[in-house]
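Student: Here's the letter readout for the chains.
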Amino acid sequence: MEYLIHLGILFAIYTILGVSLNLVVGYTGLLSVTQAAFYGIGAYATAILLTQTGIGFFTSMILGVILAMSISFLIGLVLSRFRDDYYALASLGFNVIVFSIFLNWQDLTRGPLGIPGISKPDLRFFNYDFSFSSNFSYLILTIIFAVLIYLVSKFIVNSSFGRVLKAIREDEKAIQVFGYNTLYYKLAIFVISAGMASVAGSLFASYITFVDPSSFYLMESVFILTIIILGGLANLRGAVLGALIMILLPEILRFVGFPSDIAAQMRQVVYGLILILLMLYRPKGFLGEYEI
Amino acid sequence: MKNEILLQLKNISVHYGGVKALDGVDVALDEGEIVALMGPNGAGKSTVLKALFGLAPIQAGKILWHEDSIEPIPHEIIQKGIAFVPQGRRVFTHLTVEENLEIGGFIVQDKKELKRRINEVMEMFPVLKQKRNAKSGTLSGGQQQMLALARGLMTDPKVLLLDEPSLGLAPKIVKEVFAKIKEINQNRKTAIMIVEHNIKSVLNIADRAYVLDKGKVVAQNTAKNITDSNILEKVFMGKMK
Numbered sequence: 001m002e003y004l005i006h007l008g009i010l011f012a013i014y015t016i017l018g019v020s021l022n023l024v025v026g027y028t029g030l031l032s033v034t035q036a037a038f039y040g041i042g043a044y045a046t047a048i049l050l051t052q053t054g055i056g057f058f059t060s061m062i063l064g065v066i067l068a069m070s071i072s073f074l075i076g077l078v079l080s081r082f083r084d085d086y087y088a089l090a091s092l093g094f095n096v097i098v099f100s101i102f103l104n105w106q107d108l109t110r111g112p113l114g115i116p117g118i119s120k121p122d123l124r125f126f127n128y129d130f131s132f133s134s135n136f137s138y139l140i141l142t143i144i145f146a147v148l149i150y151l152v153s154k155f156i157v158n159s160s161f162g163r164v165l166k167a168i169r170e171d172e173k174a175i176q177v178f179g180y181n182t183l184y185y186k187l188a189i190f191v192i193s194a195g196m197a198s199v200a201g202s203l204f205a206s207y208i209t210f211v212d213p214s215s216f217y218l219m220e221s222v223f224i225l226t227i228i229i230l231g232g233l234a235n236l237r238g239a240v241l242g243a244l245i246m247i248l249l250p251e252i253l254r255f256v257g258f259p260s261d262i263a264a265q266m267r268q269v270v271y272g273l274i275l276i277l278l279m280l281y282r283p284k285g286f287l288g289e290y291e292i
Numbered sequence: 001m002k003n004e005i006l007l008q009l010k011n012i013s014v015h016y017g018g019v020k021a022l023d024g025v026d027v028a029l030d031e032g033e034i035v036a037l038m039g040p041n042g043a044g045k046s047t048v049l050k051a052l053f054g055l056a057p058i059q060a061g062k063i064l065w066h067e068d069s070i071e072p073i074p075h076e077i078i079q080k081g082i083a084f085v086p087q088g089r090r091v092f093t094h095l096t097v098e099e100n101l102e103i104g105g106f107i108v109q110d111k112k113e114l115k116r117r118i119n120e121v122m123e124m125f126p127v128l129k130q131k132r133n134a135k136s137g138t139l140s141g142g143q144q145q146m147l148a149l150a151r152g153l154m155t156d157p158k159v160l161l162l163d164e165p166s167l168g169l170a171p172k173i174v175k176e177v178f179a180k181i182k183e184i185n186q187n188r189k190t191a192i193m194i195v196e197h198n199i200k201s202v203l204n205i206a207d208r209a210y211v212l213d214k215g216k217v218v219a220q221n222t223a224k225n226i227t228d229s230n231i232l233e234k235v236f237m238g239k240m241k
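Taken in sequence, the protein lines are chains A and B.
Throughout the first sequence, residue numbering follows this note's numbering, covering 1 to 292 in sequence.
Throughout the second sequence, residue numbering follows this note's numbering, covering 1 to 241 in sequence.
By construction, these hints were calculated from the structure, which means they are not laboratory data.
Quantities reported herein were computed from a predicted structural model and do not represent experimental measurements.
A hint or two may mislead.
To be verified - Below, in silico cross-link-like pairs of lysine-lysine (DSS-like), each with a Cα-Cα straight-line distance of 27 Å or less:
1) B/K135 with B/K115
2) B/K80 with A/K173
3) A/K173 with B/K158
4) B/K180 with B/K131
5) B/K112 with A/K154
Said to hold, decoys possible - Looking from chain B toward chain A, a few residues come up when the C-beta cut is under 10 Å (computed):
6) G61
7) L64
8) W65
9) I78
10) A83
11) V85
12) E99
13) I107
14) M154
Claimed, not checked - If we take Cβ atoms under 7 Å as the criterion, some of the chain B residues that face chain A in the derived model are:
15) P74
16) G104
17) R116
We put the beta carbon where it would ideally sit given N, CA and C, even for glycine.
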C-alpha cells in the first residue's frame with residue numbers, strides 16, 4: 001500500500017509539473033526546456049527555509065513561488081528575444097545555469113551534499129492541528145494541490161487570455177496585427193507556469209525530506225516535456241495521462257523479467273523505444289490537439 | 001466635392017538590409033473610396049501595408065492620419081480606426097469562428113459591445129453565423145477569407161487594408177469575396193486599400209489605383225484610366241524604363 005501511495009504522490013507532483021508546462025509549450029507554443037529549474041527553485045526554497053529558519057511549510061512554499069516567479073520573469077524577458085528552436089536552446093541554457101547554481105553555491109545549497117532533514121508540513125487552522133507526516137495524508141495534500149493547479153489552468157485556458165495564448169501559438173505575427181502585445185502574454189504565462197512548478201518543488205522537497213541538485217538536472221526538464229508530448233500538447237487531461245504513464249511505465253517494466261545486471265539499462269531502452277514509436281505513429285500524443 | 005484625405009503615406013522608404021523594398025512612396029486614401037495597389041511580385045505593394053502597421057522598418061517618410069503624423073505601432077493604428085487583413089487569411093485554425101472574431105475585437109473593452117459587434121458582422125456574413133462554433137480550420141478557403149474580412153471589421157474601422165484577399169481561391173469564390181468587399185465599402189462607408197494580383201477583379205471595384213514597380217509608384221489614376229492605359233502591360237512585361 002505504501003508503494004502505491006508513493007506512486008500516487010509522485011503522480012500528483014508530476015501532474016502539477018506537466019499541467020504547468022503544458023500552458024507554456026502546448027497552449028502558447030513556446031518550447032521551454034527549463035521547467036526543472038523552477039521545480040528546483042521551489043524545492044530549494046522550501047528546503048532552506050524549513051531547515052534554517054523557523055517558518056512553516058506553507059509560508060516557504062509561498063516564498064518559493066514568489067522567488068521562482070521573479071526569476072522566471074527575468075528569464076522570460078531574455079527568452080522573449082528567441083523563437084522556435086533557439087527558444088528551446090536558450091531555455092535549456094537557463095536550466096543548466098540554475099543547476100550549476102544549485103551545485104556550486106555551497107554556502108546556501110550545500111552543493112552535491114544536498115540538504116537533508118526537511119520536515120513534513122503541519123497546518124494549524126483555528127484550534128485544529130493537521131499534520132501531514134504520514135504518507136497517506138501527504139498524498140491527500142499533493143492531490144489537493146494538483147487539483148487546484150489543474151482547475152486554475154483550466155480557467156486560464158478557457159478564458160480570453162487562454163484564447164490569446166493559442167492564437168500566439170498559431171501565428172504570433174497575425175495576432176499582433178490586432179494590437180496585442182504578445183510579449184506580455186508570453187511572459188505572463190511563463191511566470192505563472194514557473195510558480196506552479198515551484199509548488200511541485202516544495203511538495204517534492206518536503207516529501208522526500210532531502211534535496212540535491214541531481215533531481216533538477218536537464219534530464220528532469222526533458223522528462224517533464226516528455227510527459228506532455230506523450231499525453232498530448234494543449235490538453236490538460238493529456239498532461240495528467242502523460243504523468244500517469246511516465247510514472248507507472250518504469251514500475252511496470254520492473255516486472256518484465258530482464259536479467260538483473262542489465263535491467264535498469266533495458267528499462268531505459270524500452271522506455272525510449274515506446275516514445276519513438278509514439279512520436280512516429282501518434283505525434284500529437286494520446287490526447288493532444290497540437291504537435292510541435 | 002472632394003472627399004477628405006483619411007490616410008497618407010508620404011515619401012516612405014523601407015529597406016531590408018541593403019535591399020530597397022520601398023523608395024519614396026506616396027500613397028493616399030480618401031474617405032469612403034477603394035484604392036488598389038498593383039504591380040508585379042517584389043514591387044513593394046504588401047510592404048506599403050506592412051510599413052503602416054509597423055511590420056516593415058520605415059527608414060524615411062511619414063504616415064498621416066487626417067493631417068496628423070502617426071507612428072506605425074499596431075495598437076495605436078488600430079485605435080485610430082485602421083484594420084489590417086493580412087495575406088493568406090491567417091485565421092487561427094484551432095479557435096472557433098466566434099473566438100477568431102473575439103480576437104479581432106481586442107480593443108473593444110466592453111463585453112456587451114463586443115458581443116454586439118460579433119452579431120453584427122455575423123449578420124453580414126451568414127456563412128459564419130451558421131458555423132459560429134466550428135473550428136475555423138474546418139472552414140473552406142473562401143469561408144476563411146470571409147472570416148478574415150469579418151475579423152477585420154470587429155473594430156468597426158474607418159479604413160480596411162486588405163493584402164491579397166483572392167490568394168489561393170477559386171474564381172467563383174474570388175467573385176464572392178470581391179462582391180463582399182464592395183458591399184463593406186458601400187454599406188459601412190469603410191475606405192479600403194487593397195493589394196491584389198487579380199487585376200481585373202480589383203479594378204472592377206476600385207475607385208483609384210496605384211501601380212508600383214521596384215519599390216516606386218510608377219502610375220496613379222482612376223481605376224478606369226488605369227484599365228484603359230497600357231501601364232499595367234508595361235509593368236508586368238518588364239517594359240518600364
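Student: Now look at each hint and say whether the structure bears it out.
Tutor: Consistency of the hints with the structure:
1. B/K135 with B/K115: holds, 18 Å
2. B/K80 with A/K173: holds, 20 Å
3. A/K173 with B/K158: holds, 22 Å
4. B/K180 with B/K131: OK: B/K180 and B/K131 at ~18 Å, within 27 Å.
5. B/K112 with A/K154: holds, 24 Å
6. G61: violated, 21 Å
7. L64: Cβ of B/L64 sits 20 Å from chain A, so the hint is violated.
8. W65: violated, 16 Å
9. I78: holds, 4 Å
10. A83: holds, 8 Å
11. V85: With Cβ-Cβ at 8 Å, under 10 Å, it holds.
12. E99: holds, 5 Å
13. I107: holds, 5 Å
14. M154: holds, 8 Å
15. P74: B/P74 check passes; min Cβ-Cβ to chain A is 5 Å, inside 7 Å.
16. G104: holds, 6 Å
17. R116: violated, 16 Å
When the structure is compared with the earlier hints, violations turn up for hints 6, 7, 8, 17 and for no others.
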